[in-house]
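Go by the hints and put chains X, B and A with the ligands onto chain G.
Take a look at the letters that make up each chain.
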Amino acid sequence: MAQAVRMALHYGEEYLGVTDVFGEDVGPPLGGVFTVTQGLKTAWNTPLDERGILGTALGIAYAGGRPVCEIQFCDYALNIMDLFKIAGNQRWASGGAFDLPIVVMTPNGAGIRGSIYHSHSFESFATRLAGWKIVMPSTPLDAYGLMLAAIKDPNPVLVLLPKALLRVRGEQLIPGEPADPDELSRMIDAPIGDRSNWQPQWPPLEDYTIPLGVGNLVREGSHGTVIAYGRPLPLCVQAADELAREHGYTFDVIDLRSLFPYDWSMISQSVVKTGRVLIVNEDTEVTNFGEHLLRRVIDEHFYDLAVCPRTLMGKHVPGIGMNQNYELNSVPQLGDIRTALWDLATEPA
Amino acid sequence: MAQAVRMALHYGEEYLGVTDVFGEDVGPPLGGVFTVTQGLKTAWNTPLDERGILGTALGIAYAGGRPVCEIQFCDYALNIMDLFKIAGNQRWASGGAFDLPIVVMTPNGAGIRGSIYHSHSFESFATRLAGWKIVMPSTPLDAYGLMLAAIKDPNPVLVLLPKALLRVRGEQLIPGEPADPDELSRMIDAPIGDRSNWQPQWPPLEDYTIPLGVGNLVREGSHGTVIAYGRPLPLCVQAADELAREHGYTFDVIDLRSLFPYDWSMISQSVVKTGRVLIVNEDTEVTNFGEHLLRRVIDEHFYDLAVCPRTLMGKHVPGIGMNQNYELNSVPQLGDIRTALWDLATEPA
Amino acid sequence: MPETHEDPPDFEDELRRRATRTAAPAVIRSGREAMSVELALTVFRQMLRTRALEERSIKMSKSGEAYFWIGGPGEEAFNVCLGLQVHKGRGPAYDYLHLHYRNAGVLLAMGMPMIDHTRQLAMRWTDRHSRGRNFVGHYAVPEWNVVPVTSVIEVQYAMAPGTALVQKRHGLKNPAENEGITIVVGGEAGAAEGDFETCLNWSTRPGMELPVLMIVTNNRFGISTDIDTVHAHRPIADRAIPYGVRHETIDGNDPVIAWHAIDRAMRYCRRERKPYLLEAMVSRLHGHSSSSGAQRNWKEVDPLAQFEQKLIDAGAIDAATVRALKEEAKKEADDAVAQTMKEPEPTREDVYRFTYAPSPVDAVYPHDYTGLPGRPEWPPR
Amino acid sequence: MPETHEDPPDFEDELRRRATRTAAPAVIRSGREAMSVELALTVFRQMLRTRALEERSIKMSKSGEAYFWIGGPGEEAFNVCLGLQVHKGRGPAYDYLHLHYRNAGVLLAMGMPMIDHTRQLAMRWTDRHSRGRNFVGHYAVPEWNVVPVTSVIEVQYAMAPGTALVQKRHGLKNPAENEGITIVVGGEAGAAEGDFETCLNWSTRPGMELPVLMIVTNNRFGISTDIDTVHAHRPIADRAIPYGVRHETIDGNDPVIAWHAIDRAMRYCRRERKPYLLEAMVSRLHGHSSSSGAQRNWKEVDPLAQFEQKLIDAGAIDAATVRALKEEAKKEADDAVAQTMKEPEPTREDVYRFTYAPSPVDAVYPHDYTGLPGRPEWPPR
Ligand SMILES: Cc1ncc(C[n+]2csc(CCOP(=O)(O)OP(=O)(O)O)c2C)c(N)n1
Ligand SMILES: Cc1ncc(C[n+]2csc(CCOP(=O)(O)OP(=O)(O)O)c2C)c(N)n1
Ligand SMILES: [Mg+2]
Ligand SMILES: [Mg+2]
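Chains as they are written, first to last, in my numbering: chain G, 1 to 349; chain X, 1001 to 1349; chain B, 2001 to 2381; chain A, 3001 to 3381.
So here's chain G without its partners, still in its complex pose (with noise of 0.2 angstroms):
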């Protein structure tokens, strides 16, 4: 998915217009802590100060500029969430004046052993900013068209990176991505050691863009509706899969891919054909962007319910410990979620 997302931050310098991508770290020699933006022509490093990112991504897209930005981890973006909030309502604040097209992008959640400050979700916070849109892919294509969608969108978008899925290939390919994944890395990785001369080969890639809003309603089932994004949603997968191949209870799988907008109708058809719902991501469960999904479904589809709705989130605790025993025990893992899946499908109406 790294290479996804910097293809498409290729393909946005290219013919979108993007002209700075900036970060800590982002420029050369490193190309980002993840090597999401190895080899773009217009990254540069920042002082370590993540005001400065996001003012400076600001005041770039104020004088026409198309920045992509990066808070290197989502735990950093909390002492900018003042200036979230100002690129959020500046438009509307402004009665339309300015617009601000702007991209942050930034690694989320759990599942790299990142220990307290490298574990944390970011949607429930992210969510609550108005003005902004918000996605967060689950596959490498989708990434790139979620980034693509992104950066041609004029408004603030902010781009959620599931961290344990940045080395996931992708079962599907980009368009214009070479089939061979040892080609495509001769390409576009940087060498190990000296790279002050190297210069990426960039594959000849094409436009694919997922508008903002639509859902990818990935299996299709009668016995529930599971919704979730990025790192839970191949758990998710995996999960109804192996419960179809067992047992023959089948569920509809909705990858949400855009948490707001988010995709209302795709998750209203289906509650409405299952009656049965669980919602998974692995944000902390307090005041989480779930319970407002879980909202939405009560407040319009009380009656159509067959049992009772149920949510799956990462336990209200001050962090995710270093020792795998704390993550495993407070961030949903497959065995969690094969077991609400069961309990949904079982439980009597």
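Accuracy of the hints is not assured; some may be wrong.
[Said to hold, decoys possible] Where chain B lies over chain X, by a calculated footprint (3+ residues, C-beta under 8 angstroms):
hint, region
1, 1028-1036
2, 1049-1060
3, 1095-1109
4, 1311-1319
These are computed hints drawn from the structure, not numbers from a lab.
Glycine residues also receive a C-beta, built at the ideal position from the N, C-alpha and C atoms.
Here is chains X, B and A with the ligands on its own, set in the frame of chain G:
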């Protein structure tokens, strides 16, 4: 209510070891933009720097002091969410090595025609901060009692003060408060003009502590449960009283007072009794703390519900506009609450 | 100043207004600096207009025509001199302005009609800066690169490097296109926020120094807090030293001084494409805002009265002309208010408008925000 | 350095180790500064121990005994000199330490057993600093006023004025009680965050100057970013100038220099009760962390090898003793790891523990956090 908080802080200085009350304009001559800290012996003014305020509070607490600090408006807490998060996780992260007995107070919510940056609410952001306790009074007496609890508790406590109620007088006296409001004002309100020689005359205040996690059932009834706190609470009471008087519909009205931990047993008992639930707050509605409460109700009482449970929250907008037409149409008003209560009580089961 | 219903301390009006020179001078001087009389009178007239607008604004907040007032009486000298020297226009070839809430004088001097200010103060739908949403003085003027003012103290300093970065790169082949600078303004108390340092640091990256004119209008107070009680007794301008940034602290109440200091600073930023920090000592004549009463503080130096006296002393203007100009300015403000109060207010349907720019890649909000996804409250326009 | 499985560049071992003096000296000198041989050997031994611990730590992260490593090889000279001079104890009469993640040398020099470090690295329940929750080097030692280290860059600078404020007021009647100072440490890149300025500003409020020793260990890099590409080419220590704070930039790789610079700075803070900013140029011998490979960078000056050579040259120690000390330190580290790996890990039941201190005024969590209100997942202990 401003006087009640001031008296609580005085009590804290005298009997509970409060060493520092500080923030922007908190010390003399002003004593706080809402007069909450006038005449306090440990009150001092800080630089205009919220990071310094909360950071210094943490340091004071580490060194054995008992700080109470103020963020002038909750809207200006957003650049220190990282420090809030740290305050909430330092004890957990250090395996209990250091307690952090700090109190942060900040005015919250709309109702003073404060425009975009003096009208927002903070509870939905705040309740996401594991390790914190969050309270919000709706009466002066509760403000006194919750403030004393906040000071006594050896953990970080955030006291959200509903701006619109800060000038409201209470029906009940604080233990030691003179019955005549003019007398109290003469004793503890700073004079207009030169204050350099002014000293407050504190009434003989007594301990009155409202334990954290204990709600207040301010009305009892059978046609529904209303859960609220802070500014909308008196509106809920008023609407409930009107519906009782005019139509005979009666409601349990729960003043949560303590948002985290919240009084689950009070909520739970009432929901079981009425089967009808309305949750009201003025914060924006996407990823809102009220949605968390709703989730708990669904989790544990889905099958006890007679009708669809409801929430009434602020609209998901980038800000609350200066012209009253913005506020009236984006923040729940008395009429909205009455309508919601009417619908709740009259919907056929 | 009958508008504020407060009497100035006694002094002999006649004495004050008696000119000491007779022949009309060519220039007005302050120390070694001088300004042509023509320019001085232009500055003076804009200062008068600004003051008239501010006093009418305060009155609005007290009369119920408006609700909250904040502004810059006491900063007219500096702000007018700044506004008159801005290269105004749209896009990176022109100056960007990141202002705060005391800059009416800047905008009036640039040519903003008074009614653009009073419409915001009176929270009208016709308010071009915010549609009745924001506090007064929270301007946003895309044609003049005035980016939206926000109430959050100091964040403008974190944004300024962004516009300046685009300007630094813009029009490199055409020198006239490469003279735009970024001007950012804030108070002295706010300089305690990290954003101020961000601006210094991001404007001095080696090889990428940015044309940012950082301005601090130092009125010595943040609401009620005296800077001397919370900050080392040194100029705010010294903050430039660790970054090797040029800097100066000036008397912002003297238009002759202010004019030239701004000129020097702008010239440096325009030509050298590097930052400059200018601290102007100014007055705060009506306290912080209407929340603190907005009463006139007679202990503060009044830059307008001082300049008026100087012009009279120099024989550049006479008392009658001053009186006429004041009347004219007052009438201009009154007329703006009268018209403003006839104009419509925003309505219920306007709550969501202008949240999102139209987007061809958004399936839910192709035009603007309409309410929660799947629950449009207002049909898209 | 066989631990890292990387060979140092060729040089003639014999030549390097041959002492140039014969009689044992009384002092070790660097320029005008001198240190007794006794102290020099103490410092040297603690540096060796620190290096041995860091190298064993890197090995743990590569072998699977641990997962992530970060630390301070290359900072031993400075950190050991700092740790040896701390007034250690609990409460405001003693020094407070607000450290970052490269300060093993400080704690070892203060007397921390190696196993306290390896337990955290191996994420054991016996980890006294965080119960296996935090990255290595994230110490928390209440008996020594070491407040919890957090991964968030620079926030320690915002907290330091708080402990110093309590110290400033503490024991005013008893001079010995009023000598505690606050020491705050961070890297040069982090000084770009606003918290650094917060510390300077809050430590210099007139009449309330605070005894804060601000330390910047400048290794010239923030992860991959060279400070020279993102910061004006001036010392970080210059940041003290606008506040009138005493400051100095030193070679932190030379223990003789470092010792005296720390001594001067501490003496000033202790006696004058005012802040001081000390910038120490240090090396980063194994890159940023295990995430960037933790390979040895042979281009950086090695303070340990340099000091070793200096002691040998001065005849203060011989090669055999050095070898023995290294063996001893290596064994100490190996033993700590061996013991650590036998110790228990946290379990499922430990997830919520130590969230809340017991509170008599909390009806829901009188003891500790147990899960959402009304849904205890674990019985309170
Ligand atoms: C981040 C933030 N904190 C606090 C406030 C509240 N506030 C508004 S104006 C002000 C004082 C500003 O003082 P200064 O920067 O000197 O500007 P002045 O008003 O004196 O021109 C404060 C504290 C705010 N608007 N934003
Ligand atoms: C607020 C914040 N932003 C980003 C990071 C990620 N990060 C960890 S270490 C580091 C570099 C720190 O450099 P410096 O301050 O020079 O300290 P050094 O590691 O060189 O000792 C960065 C960017 C972080 N931990 N915290
Ligand atoms: Mg000021
Ligand atoms: Mg560094």
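Results for each hint:
Only when three residues or more bring their CB closer than 8 angstroms to a CB of chain B does the claim for the region 1028-1036 of chain X stand; here the count is 3, and the claim holds. As drawn, the region 1049-1060 of chain X meets chain B at 4 residues by the rule of a beta-carbon pair under 8 angstroms; at three or more, the given contact holds. Beta-carbon proximity to chain B at under 8 angstroms applies to 0 residues in the region 1095-1109 of chain X; the threshold of 3 is not reached and the given coverage is violated. Against chain B, the region 1311-1319 of chain X contributes 5 residues with a C-beta closer than 8 angstroms to a partner C-beta. That satisfies the three-residue criterion, and the hint holds.
Of the hints listed earlier, the one the structure fails to meet is number 3.
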